[in-house]
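Asks: Chains as they are written, first to last, in the numbering used here: chain A, 1 to 490; chain B, 1 to 321; chain C, 1 to 264.
What the hints contain is simulated information worked out from the structure, not anything from laboratory work.
The beta carbon of each residue, even a glycine, is placed where N, CA and C say it ideally should be.
Worth double-checking, as some hints may not be accurate.
Stated by the list, open to error - Mimicking EDC-like on lysine to aspartate or glutamate, the simulated pairs with C-alpha atoms at most 16 Å apart in a straight line are:
1) B/Lys308 - C/Glu249
2) C/Lys230 - B/Asp114
3) B/Lys308 - C/Glu260
4) B/Lys186 - B/Asp41
5) B/Lys307 - C/Glu248
6) B/Lys12 - C/Glu260
Said to hold, decoys possible - Cβ pair distances, simulated, as ranges:
7) A/Asp238 - B/Ala130: 32 to 42 Å
8) B/Lys186 - C/Val229: 36 to 46 Å
9) A/Arg42 - B/Glu14: 47 to 57 Å
10) C/Asn256 - A/Lys276: 24 to 34 Å
11) C/Val167 - A/Arg42: 43 to 53 Å
12) B/Cys191 - C/Arg81: 20 to 30 Å
13) B/Gly131 - A/Gly455: 56 to 66 Å
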Amino acid sequence: MDKNTIIENLGKILTPAQVNTDSEDLYDASADRYKKYAKVRRVLDVPVPAAIVYPGSAEEVSQVLAFCSEYKLNVIPRAGKTATEGGLENWKENTIVIDARHLDKILHIDLYNMQATVQAGVPLQELEDALREKGFTTGHSPQSKPVAKFGGLVATRSIGQFSTLYGGIEDMVVGLECVFPDGHISRIKNVARRSGGPDIRHIVIGNEGSLCYITEVTVKIFRYYPENNRFYGYLVKDMETGIKALREVMVNGFRPSVARAYSEEDAAQHFYHFHKNRCVLLFMAEGPEGIVQATCQAIEAAVEKCRDGIVEQVDSELIADWFNSLNWSQKDIDDEFEAMKENDSHAGFTTEISADWETIPIIYNNVIQRIRQEFPRAHDLTMLGGHSSHSYINGTNMYFVYNYRILCAPEDEMRVYHHPLQRIIVEETLKLGGSMCHHHGIGKFRNEWTRQEHGTAYYMLEKLKQAFDPEGIMNFGTIYPQEEGAKYQK
Amino acid sequence: MKKTCIFQDTEKTENTTDLLEAAERMYGRGQFESHAVLLADSFDPLMGSFHHIIRVARGLVDSYDPRGICDILENLHKENRFDSILIPGTSLGQMIAPRLAKRLGTGLAAGVTDIKKNTDYIEIIRPACAGKILESIVHKGNGPMMMSIRPNAFEYTPGEPLQTVVSTYTEPVNSQSAVKRLHVKKNRQTCDIRDSEVLIAGGGGVKDIFPELYRLADALKGTVAASRKLVDQGIAPRSIQVGQSGKTVSPRLYMALGIHGSMQHLAGLRHIASLISINTAANAPICRLSDIVVQGDARQFIDRLMKKIAAYRSKGNEELT
Amino acid sequence: MKIICVVKFVPDVDSLVCDVETAAMAGTDFRMILNPDDVCAVAFALGVKASSPDCHVEVVSMGPLSVRPHMEDLLRLAVDRGTLISDPVFDGSDTLVTSAVLGRYIATRPFDCLLTGSRSLDGGSAHVPAQLAETLGLDQMLGIIRIDPQQFDSTRAVFDVEDENTVTTYEMAMPGVLGVTRQSGYKLPYVTLTNMRRDVSDELAVITNQDLGFSETEIGPAGSLTKVVKTYPRTYEKKARHTVGNDEEGISYVFNFLKEKGFL
């Protein structure tokens, strides 16, 4: 089916006003933040989608998906546009982007049963603000909070800054509604817990738009006690000490809302005013008074135990202050765009991995060493470091950050810098049994390693794809490696 | 008696005497004979400072013709056998000096900022590597010592006025440059904050009094800049935004009023010689980098500092009259 | 039209850190980059070539063999010919000798214009282009911020020179030596990924003293009439942070600071 006919048909399924074929918008829709630099410099190498549609209900999503299935048109589900791993990148001609813009209602806030129900296009900040007014919180605070929307947050198994206390999105989702490529609408009801067969929510949570389209989500909510917030900050000798301290708090059974250890270079960009070229360890405790007190005692005890590696304590006010200006806004994103137009630079990239306590410091050191020795453009690096920011009783993550002077043609930036750095990080992580994708999703640019990541369990993912998306129309290239798409990666 | 030849500073004639200080460092005051070579017609400020003033006859050579001027200096050297030839490091000087050194087959040091007289040799000092290091150079061979002198590196204190002998150089010039000057435009004073030596920058803390910054900027002959917060709120235009997504600046003086100092803002600051921050919160990150932190209200600060500057300036005026 | 760009590869000075203790530049393997002013010279030449394909651009540099990869990168752009003048006997030559060596080679080549930078990042003397011009009997100008591409050919060049207060437009008869500065903003394209691995080693000519025939006394330290006897880092006074209030004492402190530093 040719493009014009597609658009005509979409205009009949929905209304013409819900079909967007503006060339700027379509160009913008061809890639996400993985190729932010090439996008700004107008040298993207991928095809442009055919149209962006804005359905207003699950029924409309169903009709669009059925249409796309019939004509084998690639579909990219989209909401807040904050994807960083190529999950929103387009690798097919005649792709339809289904944008959740009109699915923007907060449907129900239930303060007694501690649940809130929203449509997929509701920005997290909006729900959070509505809850805060009543003294509650979602507990979910990724750096993209002001911009990200629920559809994407659930589709990517996102995690927020307070996850060590509240958990990731998977711990917060109660029920949801989604639409499958054949048009079938599934509603998973809201119950506190059940054992009714395998937990099918997990087919949807994290599917990154490769299996279905999320239209509605119900999440747990929590009481908010801002008056009890307490902050701790320390300068420490090295990452090992920092991670040891984090582990000590966790294994003893405590849950600070924030527990982070920053390497020197990463600390330098956040804490230039006090880091003195050291690693930075910081904690935040929140919640009911008694819990906060106990958590603080635990933090202090853990730090005391690691005192050999502790250089000095930092004024808590500085930590509190820093925390309040951490999140992106749409302005920040727009600003970076402007800067990329004029300068041969951007604000950097990240690769987030996870592993158990003893493996994480090894992976960290291996990666740093290997990059410095092996990466051909190591001399262009302006920053290389990482921080642990999400801890569990049995391990933690490592968020590698890196930036570099871009001394190559804009269309080559990804292949000369970004991707080779990501490759080293992924390889070292997988070698030691960690996970290469802690919370950003696999997207397209880590699909080279999806099989390695899952090993023999990849069989289960494959079968899901065959079952739910037999025509392969859902977000071609995301999660599942595709030969045809390799030219956009390598 | 040592002889030195000093070529005129064509950008500011009166500064020609500063090169005498360089000669004094080499030879000692009163221990040398100075010959100034001038293209200008009027040179009263130089009378009494030089032993000889050699005026190049008008029309003999274009004032922007390094080859013609080289001819003149070469001839004068043949006549006088100078021990040193000092040329101001102006744009013109930088084209003349190397050519002359080549013609005379002698060593040349560029952009000299200091001279030290040691017992048996003269040490010539100049910056290199974008000013990060200083090089000590000695002159070899029999030719005259040649130097191009960095503007404002030396300052001359006049002594007893000399009986200056003025002569005119009239010999025809052989090697002319085939260069024509077509036209000259005054360099438009760009309001680009990157060109300013003094920046008065405002952040979120001064959003209600932003216009006041212009008063302070005027008084210090600086330019107003802004952090992203003010640009986002529409209080300041994007063209004066300092930061990662704005401009990167390297002024000699950066006054940060009500600026928090986020890393994005800091990304726009490079090589600031002096940083003064005015903030109600002495804990703001930017204070950590400042030479002076003024803890207090920005409006009060501006008012009080302006009063002091005005008083100083009017007093200065009084003294002159 | 035939253009020769005379360029120099210099240490990446911006990233050099001076070790105050040992008074040496930290790190012996600092990266070499094409001198920023010279980048603009080559960029302008390639721009001319892009609009007049029969324009021939040669890049000439005098330096150690270690700059070969950098010369090869230029050949991976549209540069037609690359010549590296390199010989251990040239080591330690001052600018006078350098210009003599360059001059002897360039005198054997046909050209309408020599494009150079104005100042090098490391030495920064701006001598070589002028002395090269003198050797070849050519006119030379430096500080060029713009060359008019419509008035640039084998007979003449029209260009703008900027100084503190003015922008002056000149016309110079060709052949001549034009020194551009990085303020001109001419940007060199990057070698594309596909070109990065292209083998251009046989397109680079290496000229030694065998080809040029200088005697020992004319080159190297022996031939140089200036000698650098010592280098030391510029020391900056250690900064101490001073906190004051908005009172008379505080304002006076700021006022005096500004006065002393000459801002009033």
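Asks: Which hints, by number, does the structure contradict?
Replies: 4, 6, 11 and 12
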